[in-house]
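Number of protein chains: 2
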Amino acid sequence: MALIVQKYGGTSVGTLERIAAVADEVRAVRELGDDVVVVVSAMSGETNRLLVMAKTLDRHPNPRELDVLLSTGEQVTIALLSICLESKGCPARSYTGGQVHIRTDNAYNKARILGIDHRRVEEDLAKGRVVVVAGFQGVDEHGNITTLGRGGSDTTAVALAAALSARECQIFTDVDGVYTADPRVVPEARRLDRVTYEEMLELASLGAKVLQIRAVEFARKYNVPLRVLSSFQPGKGTLIAEEAAMEQPLISGVTCNRDEAKLTVLGVPDRPGIAHRILGPVAKANIEVDMIVQNVGEDGTTDFTFTVNRSDYEAALEILKQVAGDLGAREVTGDRRIAKVSLVGVAMRSHAGIASRMFEALATEGINIRMISTSEIKISVVVDEKYAELGVRSLHTEFGLGQNG
Amino acid sequence: MALIVQKYGGTSVGTLERIAAVADEVRAVRELGDDVVVVVSAMSGETNRLLVMAKTLDRHPNPRELDVLLSTGEQVTIALLSICLESKGCPARSYTGGQVHIRTDNAYNKARILGIDHRRVEEDLAKGRVVVVAGFQGVDEHGNITTLGRGGSDTTAVALAAALSARECQIFTDVDGVYTADPRVVPEARRLDRVTYEEMLELASLGAKVLQIRAVEFARKYNVPLRVLSSFQPGKGTLIAEEAAMEQPLISGVTCNRDEAKLTVLGVPDRPGIAHRILGPVAKANIEVDMIVQNVGEDGTTDFTFTVNRSDYEAALEILKQVAGDLGAREVTGDRRIAKVSLVGVAMRSHAGIASRMFEALATEGINIRMISTSEIKISVVVDEKYAELGVRSLHTEFGLGQNG
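So the protein lines, in turn, are chains U and H. Position 400 (the first sequence) corresponds to 399 in numbering that gives the first Met the number 0; numbering is contiguous. Position 70 (the second sequence) corresponds to 69 in numbering that gives the first Met the number 0; numbering is contiguous.
FYI, nobody ran anything at the bench for these hints, they're computed from the structure. Careful: at least some of the hints might be erroneous.
Which copy? The list can't say, so a pair holds if one copy fits it or any two copies do.
[Stated by the list, open to error] For lysine to aspartate or glutamate, the following DMTMM-like pairs were computed, each having C-alpha atoms within a straight-line distance of at most 25 angstroms:
{"no.": "1", "residue 1": "K54", "residue 2": "E24"}
{"no.": "2", "residue 1": "K320", "residue 2": "E375"}
{"no.": "3", "residue 1": "K126", "residue 2": "D104"}
{"no.": "4", "residue 1": "K109", "residue 2": "E330"}
{"no.": "5", "residue 1": "K54", "residue 2": "E16"}
{"no.": "6", "residue 1": "K126", "residue 2": "D57"}
{"no.": "7", "residue 1": "K220", "residue 2": "D192"}
All values reported here derive from a predicted model rather than from experimental measurement.
Bound conformation, chain U alone (with noise of 0.2 angstroms):
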């Protein structure tokens, strides 16, 4: 008999049929004999109801009892599940954040988990009860309400699945795992059975959105096994753990982000200090800045290249152009319409030759490389954003990822 954590999203839990379905599947895992502890988030909706209203009375409303009132989504999720679960004849308790003593700190509406208070749930789990717990939320050592953000409830799965040693926490949501690539860009793409944490966090930072990166880094430093599966659909999913000692796969996937914009300052005179005299103004500016590449130039000058969001671009621009002037550099140029297309996996680290192999197959299809960056387990090339789906699809097949490769 093992301890199984569940975490339930708001359309795995969006109505009360939703709800149903989910006790049913719930109670299917306790008839196998194992102990589980069910995590929910708001229903679909939810949230947002709520947030509608406290902004129509204050644009910016007060973040300390914005959580008191956004937490509630969470609460009435835990409540109805509970319900439903005992109507079905398996008992079930359900706690808030505060009840099972989630200490975060108190930083609101963005809560980080310090430790949580398990004796209770293990208590349950000991008198054959489910425990429903309410993602999202926590108590600071005042006991004042607090939201860890958008997409907490992962966060909360993964932190009870590590205080209570739990064999598996499963990230139940509306897709049935991790794939080598998007499959409505690439119709071949496959569903992966394993990932490493490293991995997921490429993937999942990269644009395949089915886990939230802090989730993720939480799960790798406890060591707890993820796996993610869709609550519509039967399937194993994709686990998400160390390395396993069999073979992995070489690549294990491709992805591709829009969302980004490129900025380049030309013809900076080349001297120790310059990227920090650079990116200090734009990250003071709150811009968050992804790839960073810098080149040498003719002249004892440089060219220094970054991405932002493409939100931040305008803003971006506006600091370069100040800093340029202040710096002696040549030119400050931009470009919105780009696609950063990288590929993921593990076994890069051992194997040379997939980058070159990676840009030869771009060449092929005539696609003009603007910008490289590379990690341990990742290459990430910037790429004119018409090519986005070309470069995916020719990389994904390079690689056989497909369900025939």
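Guided by the hints, dock chain H onto chain U, whose structure is given.
Below, chain H alone, put in the same frame as chain U:
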């Protein structure tokens, strides 16, 4: 500078506009220099919305989980009101029942308050904040969420006023005070400036449904001055407090109750224990009995009459037929089309002759009295339902209760 506890019911906070109006009202009191603790109910309709969801999943929802669900209604209101107060420059903090440790027994859905930890509230008041507390809810000794049952928000407000030694507990509702009679029946009915707790208890239980009986009992026990006010129109409302030193009006009001039915067991052999043998089975069936009258009849028999809620009439009749047979009683009769008309007032205690004046006034109108019951501050008569309004009006006039009286 004094402390005022204000309670706003569901219709008073039924929309975002109403919540904004309440915030203005609270801020106005605050600006006059008084400290304010506000207790709020769920927005009108919200508790029913939640209840319907629960009952869709299970006709008899688990009581513990139902309280987890229903308590979110008030939590939404405290957050919205606090957001609104903050946006108007009035510092505010919201608290759920659990957060200010409104400790109750563990009778889910109808819990009773055992104590309140008021330190946190006092700390906030000392910092100049308005404290907004969720009505209707608390926690048991294990931290389980409980609710006080319908109307429990009044009790929360009175309990807080008692714990904090507030100068006054103001109950804002949709009527502007307590009247000498139902203004829909008696157009010249007059708002009372002041009544005693005892009078209010009689008035409330007899159909002037302004305040919950439990809240009035609580206020009397801890000697908390209660004021009933309208949140929709200005006015001083009605103060409910201990008897003033000044002379009280003889009679405070006339009420009418149409919710009851009358049952009679005729010709019961008059032996000790008859009342218990008749009412015992009725009580066992969870049927509440209101008026009870027993007359000594002829030939060593007695007639036994009592009233029950009209919805319990059929069930009570069935039980009585069985009981009557066992007791050797002659006959069981009943009447559903009755009304109970009552005259309430503390001064009745020291003024003889009020009862006979009351009976005479009814006789003058040709109204036959079917049953009489008296207490220290109340005289109730049962009459045919068709005479209800006429009875109320004639007594209102007889005792000079009108605005020109």
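Exercise. Which of the listed hints are not met by the structure?
Worked result: 2, 4
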